[in-house]
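Colleague: What follows is each chain in one-letter form.
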Amino acid sequence: MRVELTNITKLFGPLRAVDDVSLTIGEGDFFTLLGPSGCGKTTLLRTIAGFYNPDAGEIRFGDRLINHIPAHRRETGMVFQNYALFPHLSVFDNIAYGLRARKIPKPEIAERIARIIKIVQMEGLERRAPSKLSGGQQQRVALARALVISPQILLMDEPLSNLDAKLRVSMREEIRRIQKELGITTIYVTHDQEEAMAVSDRIAILNRGRLEQVGAPAEIYYRPESRFAAEFMGSSNIIEMAVTGWDEDHSRIAAETAGQTFSLRGEKPSGARITLSVRPEWIRVVAGSRDGEANILPGTVLSSTFLGSMIRYRVSGPGGKPVVIEVHDPDEGSIRKDGETLWYQLPPDRPLVIRG
Amino acid sequence: MRKSFQAWNIILVAIFVILFFAVLYPILYIFKASFVNPETGAFSLKSYATFLHYPYYLRCLRNSLFVSTLSTLLALAIGIPFAFFLSRYKIPGKNLIRTLGTLPLILPAFIGAEAWLILLGRNGLFAKAFRGLDMEIPSIYGWKGIVLVFTLQFFPFVFLMVSAALNAIDRSLEEAATNLGAGRLRVFFTVTLPVVTPAILSGALVVFYLCIENFGVPVLIGEDFRVLSVQAYNEFISELGGNPSMAGALSMILLAITLGLTIFQKYWVERKNYTMTSLNPLEVKRLRPLPTFLIWLFCAGVVFVALFPFAVVMVSSITKTQGPVMYFGQFSLENFIRAFTIAPRPIFNSFFLATTATLTGIVFGIVVSYLLVRKRGAVSYLLDILVMLPLAIAGTVQGIALAATYNKGIIVLTGTWMILVLAYFIRKAPYSIKTTSSLLQQIDPSIEEASINLGVPPVRSFIRVVLPIMMPGIIAGAIIMWVTTLAELSTTIVLYYGPWATMTVEIFQRIGSGDFGPASAYATILIISVLIPLFILNRVSGKDLASSL
Chain R
1 MRVELTNITK LFGPLRAVDD VSLTIGEGDF FTLLGPSGCG KTTLLRTIAG FYNPDAGEIR
61 FGDRLINHIP AHRRETGMVF QNYALFPHLS VFDNIAYGLR ARKIPKPEIA ERIARIIKIV
121 QMEGLERRAP SKLSGGQQQR VALARALVIS PQILLMDEPL SNLDAKLRVS MREEIRRIQK
181 ELGITTIYVT HDQEEAMAVS DRIAILNRGR LEQVGAPAEI YYRPESRFAA EFMGSSNIIE
241 MAVTGWDEDH SRIAAETAGQ TFSLRGEKPS GARITLSVRP EWIRVVAGSR DGEANILPGT
301 VLSSTFLGSM IRYRVSGPGG KPVVIEVHDP DEGSIRKDGE TLWYQLPPDR PLVIRG
Chain B
1001 MRKSFQAWNI ILVAIFVILF FAVLYPILYI FKASFVNPET GAFSLKSYAT FLHYPYYLRC
1061 LRNSLFVSTL STLLALAIGI PFAFFLSRYK IPGKNLIRTL GTLPLILPAF IGAEAWLILL
1121 GRNGLFAKAF RGLDMEIPSI YGWKGIVLVF TLQFFPFVFL MVSAALNAID RSLEEAATNL
1181 GAGRLRVFFT VTLPVVTPAI LSGALVVFYL CIENFGVPVL IGEDFRVLSV QAYNEFISEL
1241 GGNPSMAGAL SMILLAITLG LTIFQKYWVE RKNYTMTSLN PLEVKRLRPL PTFLIWLFCA
1301 GVVFVALFPF AVVMVSSITK TQGPVMYFGQ FSLENFIRAF TIAPRPIFNS FFLATTATLT
1361 GIVFGIVVSY LLVRKRGAVS YLLDILVMLP LAIAGTVQGI ALAATYNKGI IVLTGTWMIL
1421 VLAYFIRKAP YSIKTTSSLL QQIDPSIEEA SINLGVPPVR SFIRVVLPIM MPGIIAGAII
1481 MWVTTLAELS TTIVLYYGPW ATMTVEIFQR IGSGDFGPAS AYATILIISV LIPLFILNRV
1541 SGKDLASSL
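Protein sequences appear in the order of chains R and B. Each residue of the first sequence is one higher than the one before, starting from 1 at the first, in this note's numbering. Each residue of the second sequence is one higher than the one before, starting from 1001 at the first, in this note's numbering.
Hints may be right or wrong, so weigh each one.
Example chain B residues on the side facing chain R (calculated, C-beta under 8 angstroms, incomplete) [claimed, not checked]:
no., residue
1, Gln1441
2, Asp1444
3, Ile1447
4, Glu1449
5, Ile1452
6, Asn1453
7, Val1456
8, Val1465
9, Pro1468
10, Ile1469
11, Pro1472
Keep in mind that the hints were calculated from the coordinates and are not lab data. Think of the CB as a built atom: it goes at the ideal place given N, C-alpha and C, for glycine as much as any other residue.
The shape of chain R in the complex, shown without the other chains:
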């Protein structure tokens, strides 16, 4: 089922929790709302579920406008952050809850529960009380309960945030597997960018109620459209420069900061200044300044963190602002000490300039 949000706004008093958000979520997509706490992602999800009425805008499931359909008739399956399992009901009865509300005949209930229990791999635990389950098991029950009603849309609100790090990784793979298996349109809320990248077909980055960028994980990673998107998806060095020239034939920008000149790939800049987002692993450590090669500059190592497969330097950058550089699979002999000078090159042929 396709989900379409048009100019959705949700106010809490003076606060614009969701501010004029428009989105289209394709059939069968795993779509993630990503952002820091308070960015409005949960509010947006709860608006889709029908727990909030939007103050403006339209919500459509397929072609059908559902603004005025109450929450209990929206046919969405929701997995809550704390799972919200009914403590007085067994695993079986928890999962059966939605089916019984739909007056589905008993034999079919048993059959559907058996099938979903197999999918979430909870066989043999049907009679358990929720309090007697581990966090991961509770998570599976919550998922089964949401899925068994064959919802048109699956909504998940930070479903992994209560699990430990290791379980989080295996559960997210599990969720992705089940989602693919059922081909169900899924809207997933998280503040964890790694989790978002791992599971999503597409991601929407939200900041202070507004949409920052929507796209596939790689799209946002390689071509962030805002400083916020760049910094929130992975880490990035943000460098501001003044534009000094534009070469239309080769699509190259000449720029300058702190007396250093740079040559960058990119479209015609709209203003006199540009902002660069340079991923730490894109920066190359070089032997020294070489003629004919652009964007090479020296810096002093401020600190370094050795992580085995990778070493991360903090180096004084142009204008004094530190630059983070990651060198993968470093040679033992090449490791620099704090205070040493290190020459590095910003990639001349990658698009670094943030659009917009």
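Since the structure of chain R is already known, use the hints to place chain B on it.
Modeller: For chain B alone, coordinates are given in the frame of chain R:
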């Protein structure tokens, strides 16, 4: 969502209407009456002037304050060490002592007063024995008897609150003090005691409140020693026609005190409470045999003296009696036979009224709890204050207010059984709301949302999911409501009329006329009716009900 929102708004308005007419309006009514000259109907400060002018009235206030202060101090003197010993040291039979130690909370105080009259009254057991020996025994009448009964009856509140605070202290706190070089006594006085001080203060306020509010004990045992609650009642009931203005003025003075105490408790003492998530509770120490024995003797002794009166009443009920003269040692079931055959009506009345009030209170409690916990805001804050207000009103005052308000006019309730139910339900519903809302607070709202999301409409979701989870709180609240209603005297005595006399009224009147045998029979039925549900609930849920009071 929108539809259910409207439904809740309608319910909210209905609740405010009920609370206004049952709680606020009657109080305002007697407030106004206290400023009206009953003869002329004009505005007048006469009643307050009379109060201040005549030593007779001022003495009532002084007496009330005196017995309440003294009883509170004594309750602290017993309750604090009792709590301290039980939570810090190994004592034989500790659990039994703890359970029995909380029992006086739910047993009606005026029955305790009856027992002391049986023992030490003019025709009492000891009085006769001592008279034979030509010795004087201290009189039980007057302030001494009142203080004795109050202390024994109410010290468990101090005990419960202080032990809760002691059990919430993390072991590391005292260890840190020791580590910093403090000796045992220094640790106690500089760390332990200050940390439990808010609890001690809370306990003291509760005890003081219960003493000053109490009607049954001073009226039975005080004789010429008049206190405010008794005097207000007398002014209102007086056979010479009563003085609503004076009764109103006395009620207002009593209300000012109880309300002041409650506000002080809520906004000052509660805020000072130190909350600690206790991970490692304090170590329970084993002492050498002699100190252990002394501590045991103290604790067991206190429990024995506090519960002894109720045993006396139960024994009296199966003893041959003739008016105030009891033939101890001569077994007889006559008192019970009379209670059940000649005058069973009060038993029926008590059960009927308590059950009706409880059933109403359950529904009211569930709805109000839901509104308080789930629909937060200025309105629910106001609702909270209004619904808890009766807890700050003395029973006598509430009775007088209701009786005076609904005596004439469009709605006449005075003299019907409905006014009793109304009074009970409004006064006892706060207990149900407390137990229910504290449970509801622990239920995450997403539980309900999960149900709605799965296709069950909001109100049905509440019934199917939230209600079952709340059930233990509802049952606990219902039982507290039921037993405290059954034992209610101070409001009932103002509001009942002839055929609707309850067991408590019957006991009260029989004691007054020195008819101890039948009084004891009703009292025994009452004690057993109170203890059985508490015992069952304790067995089923392991819940310590006294702590919910």
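Colleague: For each hint, tell me whether it holds in the structure or not.
Modeller: Structure-based check of each hint:
{"no.": "1", "hint": "Gln1441", "verdict": "14 angstroms, violated"}
{"no.": "2", "hint": "Asp1444", "verdict": "6 angstroms, holds"}
{"no.": "3", "hint": "Ile1447", "verdict": "5 angstroms, holds"}
{"no.": "4", "hint": "Glu1449", "verdict": "6 angstroms, holds"}
{"no.": "5", "hint": "Ile1452", "verdict": "5 angstroms, holds"}
{"no.": "6", "hint": "Asn1453", "verdict": "4 angstroms, holds"}
{"no.": "7", "hint": "Val1456", "verdict": "5 angstroms, holds"}
{"no.": "8", "hint": "Val1465", "verdict": "6 angstroms, holds"}
{"no.": "9", "hint": "Pro1468", "verdict": "5 angstroms, holds"}
{"no.": "10", "hint": "Ile1469", "verdict": "5 angstroms, holds"}
{"no.": "11", "hint": "Pro1472", "verdict": "10 angstroms, violated"}
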